[in-house]
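Q: Just need the whole structure built from these sequences, with the hints factored in.
Chain order of the listed sequences is A and B.
Position 423, counted from 1, in the first sequence is what this note's numbering calls 423; the numbers after and before it change by one each time, with no gaps.
Position 292, counted from 1, in the second sequence is what this note's numbering calls 292; the numbers after and before it change by one each time, with no gaps.
No wet-lab data here; the hints were simulated from the structure.
Built from N, CA and C at the ideal position, the CB exists for glycine as well.
Do not rely on the hints blindly, as some may be mistaken.
[As the list claims (entries may be wrong)] Quick list of in silico lysine to any residue cross-link-like pairs, SDA-like style, CA-CA up to 20 Å:
1. 165/A x 168/B
2. 165/B x 170/A
3. 165/A x 388/B
4. 172/B x 169/A
5. 172/A x 178/B
6. 165/A x 178/B
7. 332/A x 389/A
8. 172/A x 181/B
9. 172/A x 419/B
10. 172/B x 178/A
11. 332/A x 357/A
12. 165/A x 294/B
13. 53/B x 438/A
14. 172/A x 168/B
15. 419/B x 379/B
16. 172/B x 170/A
17. 418/B x 479/A
18. 165/A x 165/B
19. 165/A x 181/B
20. 172/A x 479/B
21. 172/A x 169/B
22. 418/A x 479/B
23. 375/B x 294/B
[As the list claims (entries may be wrong)] Now the stretches of chain B that chain A is said to cover, found in silico as 3 or more residues with beta-carbon under 8 Å:
24. 33–40
25. 59–71
26. 166–174
27. 431–438
28. 471–477
[What the hints assert, rightly or not] In silico negatives: residues of chain A with every beta carbon more than 10 Å from chain B:
29. 55
30. 73
31. 76
32. 82
33. 103
34. 115
35. 138
36. 234
37. 296
38. 297
39. 339
40. 422
Chain by chain, the residues:
2 protein chains.
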Amino acid sequence: MQKSIFPFKPKYLNRTSCLVSLIKRFSDDTRLTASRASATTYRGPCVVGGWIKAARHQRKFSFINIIDGLSKRDLQIVAPASLISDVSGLRVGASIKVEGMLVDSPAKGQCVELQADKIDLLGQNDDTYPFVSNTHAYSPDYIRQYLHLRSKKPEFSAMLRLRSKCRQLIHKYFAENDFVQIDTPILTTNDCEGAGETFSVGSLMQNRTKQSFFGETGVNLTVSGQLHLEASNSGIAKVYTFGPAFRADNAVDTTHLAEFYMIEGEIAFINGLEDLLECVEDLTKYVAKSITENEQEDIEALSSGSTGCEQHDITRCINNKFHRITYTEAIKLLESASEDFSFKPKYGEDIRREHEKYILKVHDSVPVFITDWPKKLKPFYMYVNEDGETVSCMDLIVPGPGELVGGSVRENRHGVLKKSLEDADMLESCQWYLDIRQYGSVPHAGFGMGFERFLQFLFGIKQIRDTLPFPRYANNCRL
Amino acid sequence: MQKSIFPFKPKYLNRTSCLVSLIKRFSDDTRLTASRASATTYRGPCVVGGWIKAARHQRKFSFINIIDGLSKRDLQIVAPASLISDVSGLRVGASIKVEGMLVDSPAKGQCVELQADKIDLLGQNDDTYPFVSNTHAYSPDYIRQYLHLRSKKPEFSAMLRLRSKCRQLIHKYFAENDFVQIDTPILTTNDCEGAGETFSVGSLMQNRTKQSFFGETGVNLTVSGQLHLEASNSGIAKVYTFGPAFRADNAVDTTHLAEFYMIEGEIAFINGLEDLLECVEDLTKYVAKSITENEQEDIEALSSGSTGCEQHDITRCINNKFHRITYTEAIKLLESASEDFSFKPKYGEDIRREHEKYILKVHDSVPVFITDWPKKLKPFYMYVNEDGETVSCMDLIVPGPGELVGGSVRENRHGVLKKSLEDADMLESCQWYLDIRQYGSVPHAGFGMGFERFLQFLFGIKQIRDTLPFPRYANNCRL
Chain A
1 MQKSIFPFKP
11 KYLNRTSCLV
21 SLIKRFSDDT
31 RLTASRASAT
41 TYRGPCVVGG
51 WIKAARHQRK
61 FSFINIIDGL
71 SKRDLQIVAP
81 ASLISDVSGL
91 RVGASIKVEG
101 MLVDSPAKGQ
111 CVELQADKID
121 LLGQNDDTYP
131 FVSNTHAYSP
141 DYIRQYLHLR
151 SKKPEFSAML
161 RLRSKCRQLI
171 HKYFAENDFV
181 QIDTPILTTN
191 DCEGAGETFS
201 VGSLMQNRTK
211 QSFFGETGVN
221 LTVSGQLHLE
231 ASNSGIAKVY
241 TFGPAFRADN
251 AVDTTHLAEF
261 YMIEGEIAFI
271 NGLEDLLECV
281 EDLTKYVAKS
291 ITENEQEDIE
301 ALSSGSTGCE
311 QHDITRCINN
321 KFHRITYTEA
331 IKLLESASED
341 FSFKPKYGED
351 IRREHEKYIL
361 KVHDSVPVFI
371 TDWPKKLKPF
381 YMYVNEDGET
391 VSCMDLIVPG
401 PGELVGGSVR
411 ENRHGVLKKS
421 LEDADMLESC
431 QWYLDIRQYG
441 SVPHAGFGMG
451 FERFLQFLFG
461 IKQIRDTLPF
471 PRYANNCRL
Chain B
1 MQKSIFPFKP
11 KYLNRTSCLV
21 SLIKRFSDDT
31 RLTASRASAT
41 TYRGPCVVGG
51 WIKAARHQRK
61 FSFINIIDGL
71 SKRDLQIVAP
81 ASLISDVSGL
91 RVGASIKVEG
101 MLVDSPAKGQ
111 CVELQADKID
121 LLGQNDDTYP
131 FVSNTHAYSP
141 DYIRQYLHLR
151 SKKPEFSAML
161 RLRSKCRQLI
171 HKYFAENDFV
181 QIDTPILTTN
191 DCEGAGETFS
201 VGSLMQNRTK
211 QSFFGETGVN
221 LTVSGQLHLE
231 ASNSGIAKVY
241 TFGPAFRADN
251 AVDTTHLAEF
261 YMIEGEIAFI
271 NGLEDLLECV
281 EDLTKYVAKS
291 ITENEQEDIE
301 ALSSGSTGCE
311 QHDITRCINN
321 KFHRITYTEA
331 IKLLESASED
341 FSFKPKYGED
351 IRREHEKYIL
361 KVHDSVPVFI
371 TDWPKKLKPF
381 YMYVNEDGET
391 VSCMDLIVPG
401 PGELVGGSVR
411 ENRHGVLKKS
421 LEDADMLESC
431 QWYLDIRQYG
441 SVPHAGFGMG
451 FERFLQFLFG
461 IKQIRDTLPF
471 PRYANNCRL
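A: Right, dumping it as structure tokens:
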């Protein structure tokens, strides 16, 4: 195995020995970033790089705290005044490289500090820096103006780390349960939901030559990977996809994006809707439990630094079984409520945001599956129940963003699906989808979870635009 | 922790006890798929679902092999003739549910078999099934005609599993090395490469209302996440992205797709190009080593069933240090070659496919980094070397697909970058990118690796369209 160098930690060395070996090989280089240095048990000479989070210059010493965005932790540099000829460059946000001695810290709240022998200013910062104060709580709206610099804000880099960790946990859950990840296509001539909220795609070349790149019209950005995932599911019993989806939805609110990520799973040989509910509940709790147990430091960094979070009691969702009610029961519950709803609940109509909030309230803020909706409110691919009126499906509603997951048993009966496709005037474009039912069709079910809403739910993030680095929504595609 | 049911394996139970508990709870359900049953050490009553891979009907017994696509393994069902009233439905590709007794198998080549008590035909298959023979080696071109059924072919489901495993390994590598995954946007107004091969995006609504959804023109599909990744890298020292990228490239060959996946990494506080090379070499070998050591079964399934693979000696790439030559050295090498090239190699010109092949040949088919290319052949963002003529960059060429990775030290000097942007007439659109250099700029470098080409390299897959489920290329956007 080839030996790797920092910043690539060889797998067979622990942090300490890795550091030692690096120091030996690269004593004159920037071989550590702040997080690594602050976490190691090594004590001795080293070279560390980072961005200045805070600096205090006293008569005899300067105290400089640097960060690297890889964790919440900062590293304190202690530098004799004689080392620094001009302190004016050492301001918040500037980047430095420090050579010195890593020692146990006598100060409270940190176990290590770096006694500097040499400090190089790598990159200056100037007065136009939008996050010049390290104590002021900038509003999320203000921070969002500087998309290209947002990761410099500790609360936002904490969010990006949490997002990355949640991604890992989701993949881990599926891997542990034998799922195969499938990359469903982004460009497609199918529109799964048929809602007309799709983005169309052309090529710049096409604009000049008037020739379609794909040789056909109607190429769109995917709104959901489901149909394609079902195709893969016809030969692989458990599949999932975790990729971007797009909807040209004009809703300008706290829970919609034009570009967002979806976690979609499809499971063959399933025994009915309850199997699907248990899968979704299991996945949700798996991620919620692991992230709250292991990433408390970043969760605090996210919520303490920002005014954009409103934490709810996530343990309530982890420790209680999610509720299950049918759509019919939900409507009855809403009809009997004394609340003054803007939209009167009615059988056959959609369940609104205000209704969801009420349903969650009477269920002690524990997530609720609403199952078996009227067929006419749902897309063509859902399994028609014996009553002929409802379909075997669910929406999962949760505190915070409301609707988090949608799913259903899929119609696997060739004749019934054919009829539904005809009714929806989609038989021609979805012939391939119907075909799957002709060759070894199996009972199967699947779901789609909005990843950004999941993050809102987990961390109480109020505005969905603050759950990803470069949000896209109506009238906004900056950078 | 809530108890999950099959097909979701509770984390605290091993396969055997899980199976036992499931049998107890769901004795009348389809609770196992073929792979799980064939891998378990449990012996006893169970219910298994799967697709028929082969069936032999003898006078006293039927022998039916079923698969589930979750592994190469099949499970043999032994059924007394009395159990099956009509064998005609039990054909290749049909799906069945079997109740019976899992026992040690007396037959060679399998450790377990299922003695059936009851067989339910879940989904029939018919004569129009395109993969009706389980012995005929269908050509990749033939199989690719049936995109929606491809996962039913064992060699293609093996490819999908390997793709999924490689994805996991890549994420694992980055996680072990403290990288944070960033979702760079798919929709963007930036065109990183400036090659004009971008897809443009509108909305169907826009076609009707003539109002742009994003309130601006020039929204494209990303060609690379690099610029945005660098923005995130300005506050988080190690970041990567692994997502789709799009190029309206008319090349109809074995190594180009219009929609493909890129693994891109950016590393701050880096010490120079060699650090980047070591990272790329380390990542490549990490995945190659792990996948060849652990997934030999699927690699065999992929290459044995198909005529679409041409395996090269991957261990040669794992066990040798990748070569490093400069562009200048590469040109000299090519000029001195006795080969009869279609394109005469010349300093200042690109290195062609035929040239790459020659360079690999004289380097014993071990991957070669070609570094320090002339500035005019490369994009604006690369670090200009001291000579003022070349940039600090690399292409990694490998056996099979040729160019696998491109990367460079990024220009972090504000003044130099500003000049390059002005020369490329991109200053206005990339002002934000230049801005990053104004606030704590650091030496940093990054790379982009084409995931599908990586799979071609790892498994010798000749046609890139066979490395992903739904390929998109010029004149093709089926399904």
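Q: Determine for every hint whether it applies to the structure shown.
A: Each hint, compared with the structure:
no. : hint          : verdict
1   : 165/A x 168/B : holds, 14 Å
2   : 165/B x 170/A : holds, 15 Å
3   : 165/A x 388/B : violated, 42 Å
4   : 172/B x 169/A : holds, 11 Å
5   : 172/A x 178/B : holds, 17 Å
6   : 165/A x 178/B : holds, 11 Å
7   : 332/A x 389/A : holds, 17 Å
8   : 172/A x 181/B : holds, 15 Å
9   : 172/A x 419/B : violated, 46 Å
10  : 172/B x 178/A : holds, 17 Å
11  : 332/A x 357/A : holds, 15 Å
12  : 165/A x 294/B : violated, 25 Å
13  : 53/B x 438/A  : holds, 16 Å
14  : 172/A x 168/B : holds, 9 Å
15  : 419/B x 379/B : holds, 13 Å
16  : 172/B x 170/A : holds, 13 Å
17  : 418/B x 479/A : holds, 18 Å
18  : 165/A x 165/B : holds, 19 Å
19  : 165/A x 181/B : holds, 8 Å
20  : 172/A x 479/B : violated, 29 Å
21  : 172/A x 169/B : holds, 11 Å
22  : 418/A x 479/B : holds, 18 Å
23  : 375/B x 294/B : violated, 42 Å
24  : 33–40         : holds (count 3)
25  : 59–71         : holds (count 3)
26  : 166–174       : holds (count 3)
27  : 431–438       : holds (count 6)
28  : 471–477       : holds (count 5)
29  : 55            : holds, 13 Å
30  : 73            : holds, 12 Å
31  : 76            : holds, 18 Å
32  : 82            : holds, 25 Å
33  : 103           : holds, 22 Å
34  : 115           : holds, 20 Å
35  : 138           : holds, 14 Å
36  : 234           : violated, 6 Å
37  : 296           : holds, 18 Å
38  : 297           : holds, 14 Å
39  : 339           : holds, 31 Å
40  : 422           : holds, 19 Å
When each numbered hint is compared with the structure, violations occur for hints 3, 9, 12, 20, 23 and 36.
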